[in-house]
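Number of protein chains: 4
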Amino acid sequence: MIIVNFKTYLESTGKRAVQLAQQAEKAAKETGTNIIVVPQFVDLAKIADAVEIPVFAQHIDPIKPGNSTGHILAESIKEAGAVGTLINHSERQLKLSEIDSIIALAREKGLVSCVCANNPSVSAAIAAMRPDITSVEPPELIGSGISVSKAQPEIITDTVKLVQRIDHKMTILCGAGISTAEDVSIALKLGTCGVLVASGIVKAKDPYSVLRAFADATKL
Amino acid sequence: MIIVNFKTYLESTGKRAVQLAQQAEKAAKETGTNIIVVPQFVDLAKIADAVEIPVFAQHIDPIKPGNSTGHILAESIKEAGAVGTLINHSERQLKLSEIDSIIALAREKGLVSCVCANNPSVSAAIAAMRPDITSVEPPELIGSGISVSKAQPEIITDTVKLVQRIDHKMTILCGAGISTAEDVSIALKLGTCGVLVASGIVKAKDPYSVLRAFADATKL
Amino acid sequence: MIIVNFKTYLESTGKRAVQLAQQAEKAAKETGTNIIVVPQFVDLAKIADAVEIPVFAQHIDPIKPGNSTGHILAESIKEAGAVGTLINHSERQLKLSEIDSIIALAREKGLVSCVCANNPSVSAAIAAMRPDITSVEPPELIGSGISVSKAQPEIITDTVKLVQRIDHKMTILCGAGISTAEDVSIALKLGTCGVLVASGIVKAKDPYSVLRAFADATKL
Amino acid sequence: MIIVNFKTYLESTGKRAVQLAQQAEKAAKETGTNIIVVPQFVDLAKIADAVEIPVFAQHIDPIKPGNSTGHILAESIKEAGAVGTLINHSERQLKLSEIDSIIALAREKGLVSCVCANNPSVSAAIAAMRPDITSVEPPELIGSGISVSKAQPEIITDTVKLVQRIDHKMTILCGAGISTAEDVSIALKLGTCGVLVASGIVKAKDPYSVLRAFADATKL
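Chains as they are written, first to last, in the numbering used here: chain W, 1 to 220; chain H, 1 to 220; chain S, 1 to 220; chain V, 1 to 220.
The following block holds chain W by itself, in its conformation from the complex:
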């Protein structure tokens, strides 16, 4: 599984976001890999219309329909075609009780929940709240080009160990600095089910080729 977080890069905003999603779809179809795209809210509906691969939101709020302004309603991303959401990304951290509420809300609405952690201990805490996916990303490596799988493999192995002790069927991903196919294969060998990646794809000269190489690496 490869989740591509579009963040708020200009390279993944508006029309360019649709093109990037289409490149991800091409790599997914050619390789039979589960590639998920995570565009900005504003671009979500157009991308869900344009591609057949899964689309996640970058965040949802722990709210019910009603008088909230500037918040993200689960129902709105679902109607737009999203099938899941990131939760607690290190760039959009949440209070513990909010994470718990959003996981429950996602479950209730049939949305896949992918909750991000900054270290093994926090990954274990997240696993105890039973989301669908836990992804560990050391914040200091995010966007660095230095991959977690090479620079801090023990963060991945400790996360796998602690999370599986709590929920042995949890889907575990890792991220931060993933930029080569080798980073992806190491991540899988260390016990994860895939990677959460952003700048490694979005800022690549040829995102399709990099994604294709990542996808191939998940097949070895």
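The hints are simulated quantities; they were obtained by calculation from the structure and are not laboratory data. Among the clues, some could well be false.
To be verified - Heads up, simulated DSS-like pairs for lysine-lysine below, C-alpha to C-alpha not over 27 angstroms straight-line:
id	chain 1	residue 1	chain 2	residue 2
1	S	K189	S	K95
2	H	K203	H	K189
3	W	K64	H	K205
4	H	K109	W	K203
5	H	K64	W	K205
6	W	K64	H	K95
Note that this is a predicted model, so its numbers are computed, not measured.
Put chains H, S and V on the given structure of chain W with help from the hints.
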């Protein structure tokens, strides 16, 4: 000027949001009134495609393009067709320095800034940062059906007085509990340029008729 | 174990806070019960000087000594005589990664960590981060006079079950609406090691008598 | 006027905080300068007992006595001997409506309010809410040793101009990087009433001598 905040009501989500925007467009065109719609982020692009009246975002973040997740990029709402944004709505309050940054960012990007205040003193503070529009809304009346223009007219008159002392050309709106055409006319008589309204329109049985009556009231 | 959170009631501010701590000390000594007092930061040093029972802070921040303003430094509460701290009280909720950092910081500084949860799922998440104490308090019952042990016993039993699955030696407390000795005994029978209490003591006409009755109830 | 923010440096925690406050008192008495000390909450009562110069808190919360945990009650700092408070320091930033509430609360409780701003525009916004003191500090220079009065004098002069247009009697301070007596004199020449300083004093080898030099500089 009438700004219709769609908030996160189901009545103003997805397809129903597009329909509501079209009803607002109809009332705007028939009466020559400036009616602005403020949908959820996810619905913004489709609505901007569907109607010719101005579309605002409910919020933008004080960020530049780059590694932010789950945030609202000015460039993304602009490419989607928004021409302005609410800032600091009482349901999405911001730190003072963030409000200042967002006003500057909106100015730089050519987006209209409408900053919300909860009382006259905060309205004056906002005016000192030179947004395009200041809107005062006592939080306790929001969604109450009890209109600020009848229940707390002194909040409006004090706001007009304090704001104009700082910027005598500021566009001033008021909101909270506005539900009848009379509420709108009183707001104008008290010195505002219009209203910021949400449930009074969104939850109305016939939003078009209510908006039409509001629009007519701004013409008297 | 009985933890008395002084919150910010006038009855537990300044001189009255010292007196309340002394009444708690009397009940603790007479019954041999572990009663911990949790005053406001400003009153912490005087209370730690005045009584021999353990004193906790209401919160600490995940910071090192340095350029932070208006934050609570672990070293400062320790030098003042505190031996532990509440973390993530429902009235002072924190981001997940902050809770994890503060637990680690407390461990490093030799401070007892008591982390609060709003439900069983969140309690389990907290247990996964290995604090010394986990306390579950349904927010809607806090200050209500309706005790969690009578109104929602399943919250306590579910918490005990989920937390012990992760850490079978964890000290578990419960709180919210605890106002009679019977509430305390039920809490213990349901598997907790004691209670976290505030208004039931602080706002009582005779705090000493209530605390004495609570302490006696922990001995049955 | 010289306000010395103790922040959370170890050099200004506990016993060392009391000593630092006594050195400030000595410099104040010898020169007849108004020097205000701003210790951590935990140290506030002991320092107010130990010195006769004014003591401020680093922050207060916009709350009334009651069920708040981990917050700073105006009544508690007042009973401990504080006569004022910093508000919205760049290391403890607040929502706009909270700043407004805290200024009103300080006024009601007879506490001096000193609100911090990061630039001239924010300073003007603050002035519109009528605190007692507005202090401008460009965050990028805080703790840098590069003084605002030399590196960015236009931030000071613009602040003075914008603030006085709104309230011509406002007490205006500046801060960030102030480390020499010359920095203080320039700040005064540019139109301020004094400085808000932290590391320049707290981390000095001989805080008394530096403060004495600062105090002398305010007399020229």
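Here's how the hints hold up against the structure:
Restraint check for K189/S and K95/S: the C-alpha separation of about 32 angstroms exceeds 27 angstroms, so the hint is violated. For the hint pairing K203/H with K189/H, the CA-to-CA distance comes to about 26 angstroms; that is within 27 angstroms, so the pair holds. A hinted pair counts as satisfied when its Cα atoms are at most 27 angstroms apart, and K64/W with K205/H qualifies at roughly 21 angstroms. Restraint check: the Cα-Cα separation between K109/H and K203/W comes to about 23 angstroms, which is no more than 27 angstroms; the hinted pair holds.
A distance of roughly 21 angstroms separates the Cα atoms of K64/H and K205/W; the hinted pair therefore holds under the 27 angstroms criterion. Distance hint between K64/W and K95/H is fulfilled; the C-alpha atoms sit about 25 angstroms from each other, no more than 27 angstroms.
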